[in-house]
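2 protein chains.
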Amino acid sequence: MTELREVTLGDLDAIEIGAAILGTGGGGNPYIGKLRCREELRKGRRIPVIPLDDLADDALVVSLGGIGAPVVGVEKIEQGEECLRALQALEAELGCQIDALIATEIGGANAMEPMLTAAQAGLPVVDGDGMGRAFPEMQMCTWSIYGHRSTPAAMADEKGSIVVLRHTPNEVWLERLARANVVVMGAAAGIALAPMRGDFVRKASIPHTLSQAHALGNAVLRAQANHADPVQTVIDQERGRLLMTAKIVDLERHLKGGFAIGHIALEGFGENRGEHGRIDLQNEFLVFRRDGAVEVCVPDLIVVLEADTGLPITTEMLRYGQRIAVLALPCHDLLRTPEALAVIGPAAFGYPDIAYCPLATVAESHAAGPGGETLA
Amino acid sequence: MTELREVTLGDLDAIEIGAAILGTGGGGNPYIGKLRCREELRKGRRIPVIPLDDLADDALVVSLGGIGAPVVGVEKIEQGEECLRALQALEAELGCQIDALIATEIGGANAMEPMLTAAQAGLPVVDGDGMGRAFPEMQMCTWSIYGHRSTPAAMADEKGSIVVLRHTPNEVWLERLARANVVVMGAAAGIALAPMRGDFVRKASIPHTLSQAHALGNAVLRAQANHADPVQTVIDQERGRLLMTAKIVDLERHLKGGFAIGHIALEGFGENRGEHGRIDLQNEFLVFRRDGAVEVCVPDLIVVLEADTGLPITTEMLRYGQRIAVLALPCHDLLRTPEALAVIGPAAFGYPDIAYCPLATVAESHAAGPGGETLA
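Protein chains in written order, with the working numbering: chain A, 28 to 403; chain B, 28 to 403.
Be aware that one or more of the hints could be misleading.
Heads up, the list lumps identical chains together, so a pair's fine if it works in one copy or across two of them.
Capping the alpha-carbon separation at 30 Å, the derived lysine-lysine pairs in DSSO-like fashion look like this [said to hold, decoys possible]: (1) 283 x 186; (2) 283 x 230; (3) 103 x 230; (4) 283 x 103; (5) 70 x 103; (6) 274 x 230; (7) 70 x 186; (8) 230 x 70; (9) 103 x 186; (10) 186 x 274; (11) 283 x 70; (12) 274 x 70.
Just so you know, the hints here were simulated from the structure itself, not pulled from any lab data.
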């Protein structure tokens with residue numbers, strides 16, 4: 028995998044596709060963010076990328092992104108400077124200058140937000156993120172899991188409102204307060220979290236994920252151009268596994284507390300004829316069952332692709348009759364520790380009876396990978 | 028009416044009764060706040076009172092109080108330093124020292140909060156407020172009506188959360204965001220609003236209302252001690268009018284968006300035998316009808332007293348069968364201007380068809396009164 032050192036115009040389409048796949052159905056659509064990044068690059072702005080290893084110990088790194096309901100983002104297009112204003116409010120709050128930005132989650136729209144803000148603010152973006160995928164709540168990022176306190180945090184909306192969450196008893200209370208504010212803000216806002224030191228970011232981030240999204244998207248684009256199988260391409264690129272090719276035969280999806288909750292029922296075709304699948308969702312795809320038995324669950328990635336094109340389908344775009352390929356991709360080791368599973372394991376999503384069984388052993392999934400980095 | 032220059036132990040009971048009457052059913056119960064003030068005074072702390080006229084032009088005055096649902100306050104007792112922490116957060120936000128505190132609303136629990144914080148912080152409290160009664164939302168105070176922008180505002184809860192609402196498009200958005208935060212905070216928090224200059228506070232506040240609450244409560248206490256009629260005492264003291272002595276024969280009250288909404292139906296007794304009354308409520312009593320016709324409405328004060336004792340009944344304490352006296356008290360002139368009626372007139376509470384008809388002419392109501400002050 029090539030390490031990105033700068034995001035240029037030709038990279039955006041690939042990052043968009045890769046980020047959408049890593050969103051596992053959630054995280055919102057990166058399309059609008061891509062267009063805004065393109066505009067910034069066309070104006071001559073730049074998006075430098077710093078590898079994690081190049082971060083100075085005392086560099087101040089801010090994670091930022093959009094917060095809200097992905098389904099709202101379909102109709103309510105961001106004004107474009109929400110995250111920039113959140114960053115500026117945070118700098119004003121702390122009286123300090125930030126050195127670099129990092130994505131809270133690489134999956135979905137929030138892959139683009141730090142790149143956009145980086146271009147606007149003249150800052151670099153770090154090659155990594157706090158989830159290696161998408162999750163619905165902020166305390167589900169590795170930095171919170173491994174001890175970072177994200178207050179003070181600053182939020183900004185398109186109408187000019189600025190809210191500073193200066194202190195909260197813990198990360199979950201921050202999420203609750205931020206969520207209440209974003210609902211009033213129209214279910215879409217930018218949020219910048221308390222800066223982290225470079226040495227902490229190096230060890231507690233999911234590494235290389237911007238490059239990973241870029242490489243993954245490029246692989247899909249190449250497969251499409253070469254009339255190769257894009258689904259197999261994603262599997263090969265991410266060392267994943269095909270769970271089922273299937274048709275959506277039932278769909279239940281409702282909004283609850285700003286989240287898209289529900290499930291899809293699947294009827295296998297091709298090699299999976301006669302099998303029945305089910306995927307539970309809460310913004311992201313959480314649990315895959317085959318004929319009633321749990322086979323894959325969070326924090327491993329469950330990815331739904333259009334069977335023909337290999338393009339990802341987000342939860343809000345699911346519909347009856349779609350022909351899909353369901354893939355499982357192994358999550359990073361940092362998401363598999365006991366501390367992490369307490370926050371992002373199946374029990375944290377309301378499945379106390381599902382025991383997390385890693386999709387592949389660490390050796391299998393990361394032997395040839397970029398990572399293997401563990402928290403010191 | 029004696030002007031208070033300092034609140035001492037012997038004044039608290041009277042202020043409690045007067046504030047509860049001026050709460051027109053809302054504003055929460057001042058009882059707990061009174062106990063906390065008493066504790067501070069017993070510890071040797073003091074609560075100096077500044078008359079509005081003594082405020083320096085450039086004095087920095089902060090209005091503060093509790094925000095939340097009065098009915099929650101019945102069971103969730105404040106920790107006691109919520110408003111102090113909100114004030115400290117506001118001072119930290121602005122890097123300035125505040126000179127005096129003022130009650131956002133004199134009606135109900137928020138009469139006590141600035142006195143409590145004044146004792147804790149070593150500051151004086153101003154003899155006046157922003158409503159002359161209670162209203163359910165923050166933008167309904169005279170300062171907002173006459174042009175003050177209340178951001179930045181700081182909120183604090185009993186768990187240690189601090190939220191700074193740094194900027195909002197207008198006062199209504201501040202109310203919305205603050206309301207969303209306080210719901211997460213458990214429906215009870217302290218809030219301190221952006222400082223005002225002394226010259227603005229002098230002309231845009233309802234004057235003398237701390238002294239007014241004190242005098243009113245003292246009159247009720249004297250009437251009780253002398254076996255005089257406490258209901259008539261309130262009428263005489265506030266130049267009000269007895270609307271009806273009645274029994275509550277129907278009660279509908281539900282919580283909606285944190286507000287107590289509903290109405291009570293009344294059957295007159297004594298001189299009002301044969302009459303039917305109805306009072307609509309939204310935390311406070313909004314509209315009084317006699318036999319179907321509107322007779323008194325916001326911003327004039329509708330007060331419900333226990334017929335026997337003359338003690339005020341708040342909306343959360345209303346019950347079927349209570350024997351009550353319904354009084355109307357004229358509001359201050361600052362609440363009767365077109366600017367004010369746009370925010371606190373009947374239309375603002377969902378009654379576009381009710382034309383506000385002042386309870387008594389200004390000459391009648393204020394001829395002998397302390398006020399008559401108008402906005403320059």
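Hints and how they fare:
no. : hint      : result
1   : 283 x 186 : both (25 Å within a copy, 26 Å between copies)
2   : 283 x 230 : neither (35 Å within a copy, 47 Å between copies)
3   : 103 x 230 : neither (36 Å within a copy, 43 Å between copies)
4   : 283 x 103 : both (19 Å within a copy, 27 Å between copies)
5   : 70 x 103  : within (24 Å within a copy, 55 Å between copies)
6   : 274 x 230 : neither (41 Å within a copy, 71 Å between copies)
7   : 70 x 186  : within (25 Å within a copy, 47 Å between copies)
8   : 230 x 70  : neither (35 Å within a copy, 51 Å between copies)
9   : 103 x 186 : within (13 Å within a copy, 34 Å between copies)
10  : 186 x 274 : neither (42 Å within a copy, 49 Å between copies)
11  : 283 x 70  : neither (40 Å within a copy, 49 Å between copies)
12  : 274 x 70  : neither (44 Å within a copy, 74 Å between copies)
Violated hints, in rising order: 2, 3, 6, 8, 10, 11, 12; the structure is consistent with all others.
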